[in-house]
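Visitor: Using the sequences and the hints given, assemble the complete structure.
There are 2 protein chains.
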Amino acid sequence: MKVALFAGGTGGTKLAHGFAMLGNQVELSVIANVGDDVAVHGLLVCPDIDALLYTLGGLIDAERGWGVVDDTHTAHAMFARYGEPTWFTVGDADLATHIHRTWRMAEGASLTDATAAMASALGVGARILPATDERHRTMVSTDDGELAFQEYFVRLRQQPEVRGVRFASAAGSRARATPAVLAAIATSQLVVIGPSNPIVSIGPILALDGVRTALESATGVRLAVSPIIAGQALKGPADRMLASMGHEVSAAGVARLYAGLVDRFVIDEADAALAPQIAALGMEPVVLPTVMRDDSARAGLAEALLAGIA
Amino acid sequence: MKVALFAGGTGGTKLAHGFAMLGNQVELSVIANVGDDVAVHGLLVCPDIDALLYTLGGLIDAERGWGVVDDTHTAHAMFARYGEPTWFTVGDADLATHIHRTWRMAEGASLTDATAAMASALGVGARILPATDERHRTMVSTDDGELAFQEYFVRLRQQPEVRGVRFASAAGSRARATPAVLAAIATSQLVVIGPSNPIVSIGPILALDGVRTALESATGVRLAVSPIIAGQALKGPADRMLASMGHEVSAAGVARLYAGLVDRFVIDEADAALAPQIAALGMEPVVLPTVMRDDSARAGLAEALLAGIA
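Protein chains in written order, with the numbering used here: chain L, 3 to 312; chain B, 3 to 312.
I should point out that these hints are in silico values taken from the structure, not numbers from a laboratory. There could be a bad hint or two in this list.
[Unchecked claim] Chain L is faced by these chain B residues, among others (derived, beta-carbon under 8 Å): (1) 43; (2) 102; (3) 262.
[What the hints assert, rightly or not] Just so you have them, the derived chain B footprint on chain L, three or more residues with Cβ under 8 Å: (4) 37-50; (5) 73-79; (6) 214-220; (7) 253-262.
We put the beta carbon where it would ideally sit given N, CA and C, even for glycine.
Guide: Written out as structure tokens, the structure reads:
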């Protein structure tokens, strides 16, 4: 079965891993957020793509949820000696990823091509599709002014309150989703919006030219999984961000953001009482255990999402 | 006293270190070979400049004579996973050097500017001057065809016999020495051609537009130190290369290559018998212990070269 999964950050990546663990029964395309991408030491760093590459390739530092397990940080110390900013820590193996990608792209490969080659090299069976090959960088408006995403997320450790988000593109025009992304949405029997931050992980994908239209006309079952459980994000600032941007901090608040885009909305068992609110938004509420504590919980959630899909 | 030193490879670098150890009495400009430069993983690697940076900055892996001491090789293993060629090993700290340089240059810095900033960051007091800021890559003709220098030197471990050398430049025209290099030659009281390979370390510098003329009109004392002692190179393929290119494999054979360019030619005590041959070439022979076994021998040789210079 063909599955397309919108993913960014920890939750989406874990669910991608869950689907990948189901093996040949699922032909998985992960549509990865690129709004977090950032140039570090002149190299293109794609945190969400890399988390997918490392997780699905079995290299992830599972404790941190990013980077390569047992990585060294020798280059980082040398960058410090050269007086480079060091607030964005890049391990040595991780650095090879950024160098390899940047080099391939300098030689003409698209981000999509480069990612496909790297996934293949790391033995990743799923397709990891950057949401766009164009420049599309998340900029957050805060009380401290507008910040590039990683300035907010890493350098300032998500301290400022987020009041708004926009996406900076190369030409000043709106970036387009890749043809591969639009095809994955159109041809999958199941399209899943992962349990990722709706504002800065899923939002950037939905903001791309072509994505909402593709979702609206998708023939597969469209489903979203709430990243908010009992009013809280399991990881990251999604809950605070929903609040500071004036949204309800609950699974229902997230569901409202996806109204018209999905047929089913999955809430955690802890939020079963919200089912009527979800139904009132025109979505079928599905109550499941959604906390992906370990590998078997990841695979279990993926399997549950497939239930009843032709 | 102002000293300009032509350097490439191990011998020239050790002598640079010797001059640097003399402290404030010497204002040292090292004119560094760039013919060995190579793009690795899309990054600009400058082996001779880096050996100078690391040696003068106290970071060199003294046992190997290149790279950073106690470096890790985590990125290298990751490059292998991505299917990149791995015959050119780059340590992780070393990688930071190449990234930093490549980035600065992508932002518009010349190689000279980038090198100066890096030397300063590493606490190097000497000026390290790339011989040229233009493309000037050593290509060696061998019985196996023409090879880029590092293909010959590293990948093929200097196995093929070298029959000739040429320098590939960007425009097909001859690369020019930088103004800083020409000024260092013109204004130094002592100009030293270090004990480096005359074909592939010093040769590329002498081949640059402006260098021979500058040397010919230099007002300081011009001196070369033989890299050949008792018919052998202490390290590297200089002896074999001299032979395969039809030169005499001796200090006198090297002196012949520098005829008209230097006033004094320093030979090792082991070669004292060659003094008359050197004199016959129109150079003053100087017999000294030239083997730089340890730091004090490096400083001792540098000090001896300064003897009698105003």
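Visitor: All the hints need checking, so say for each whether the structure fits it.
Guide: Hint-by-hint comparison with the structure:
no.	hint	in the structure
1	43	5 Å, holds
2	102	5 Å, holds
3	262	41 Å, violated
4	37-50	holds (count 3)
5	73-79	holds (count 6)
6	214-220	violated (count 0)
7	253-262	violated (count 0)
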